[in-house]
Amino acid sequence: MTPATTATAAKRLVIVRHGESLWNHENRFTGWTDITLTERGRIEAIEAARLLKQHGYRFDFACTSVLLRAVHSLWLLLDELDQSWLTEEKSWRLNERHYGALEGLNKAVTAERYGHDQVMAWRRGYRASPPPLLPDDPRHPRHDARYRTLSAVTRPFSESLEATEQRVVGYWHEVISPRLQRSEQVLLVSHSNVIRALVKYLDGLKEDALTALYIPTGVPIVYEFDGDNQPRKRYFLGDEQDIANRIAAVIRTGSKR
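Just so we're aligned, residue 1 is where the sequence shown starts under full-length UniProt numbering, counting upward by one.
Quick caveat, the hints were computed from the structure, so don't treat them as lab data.
Only true hints are included.
Straight-line C-alpha distance at most 20 Å; calculated SDA-like pairs for lysine to any residue:
(1) K53 <-> D242
(2) K90 <-> T149
(3) K233 <-> I243
(4) K233 <-> L180
(5) K90 <-> R179
(6) K90 <-> D79
(7) K90 <-> S151
(8) K206 <-> G125
(9) K11 <-> G227
(10) K53 <-> D239
(11) K11 <-> G56
(12) K11 <-> S183
(13) K53 <-> L86
(14) K90 <-> W75
Construct the entire structure; sequences and hints are all you get.
Right, dumping it as structure tokens:
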């Protein structure tokens, strides 16, 4: 859906899922594993920026995770928007949910091993956590310099969407909401489950509604807020058929090897 009003008409938060990564393309669980963008992913980020530019969007602040696929997507967006100078913040709290021992595994193969229902509970459910990493697993965050300041309790072995929501909502209250209250326009570039968690919180969705909430890569989601920072509208920016096709492609993930 494309709004009729200009981008300066209301307090806005624009959310973009990073462009396609190599492991998105290979249908693998990614989580906190640092995977780069594909060429298609780079194009998706640039096209998202061109769409925002076409509709007159300008930002006062940008935030993203500490994972390259999101960081590089943000840089591509800001460069295309002629706002590379913009203040930006990187936070682990905007990382994708941690998929534990599933990280790097093909989703279709994992479904064959554990069963479709179990894998869907891990992927689309709210409370289920994937199998955890062992502390000596090289994929564990304690081996990554980015997380050296995090306490042992904070560094996850695996995460449910519920656990992801807790850290994302904390970031919303501490960083994003105060900036919106000052009438700043905010750009957030993050990951599928971070966005699902934030949408659940902002829209007051029930847990069972999350199963049908799919976030395509590279499509801007616009939130408009009232004076009390309560959401008035949420919509995708862009061509409706193109967005529907991208959502359908996300729904199909998990079935290909």
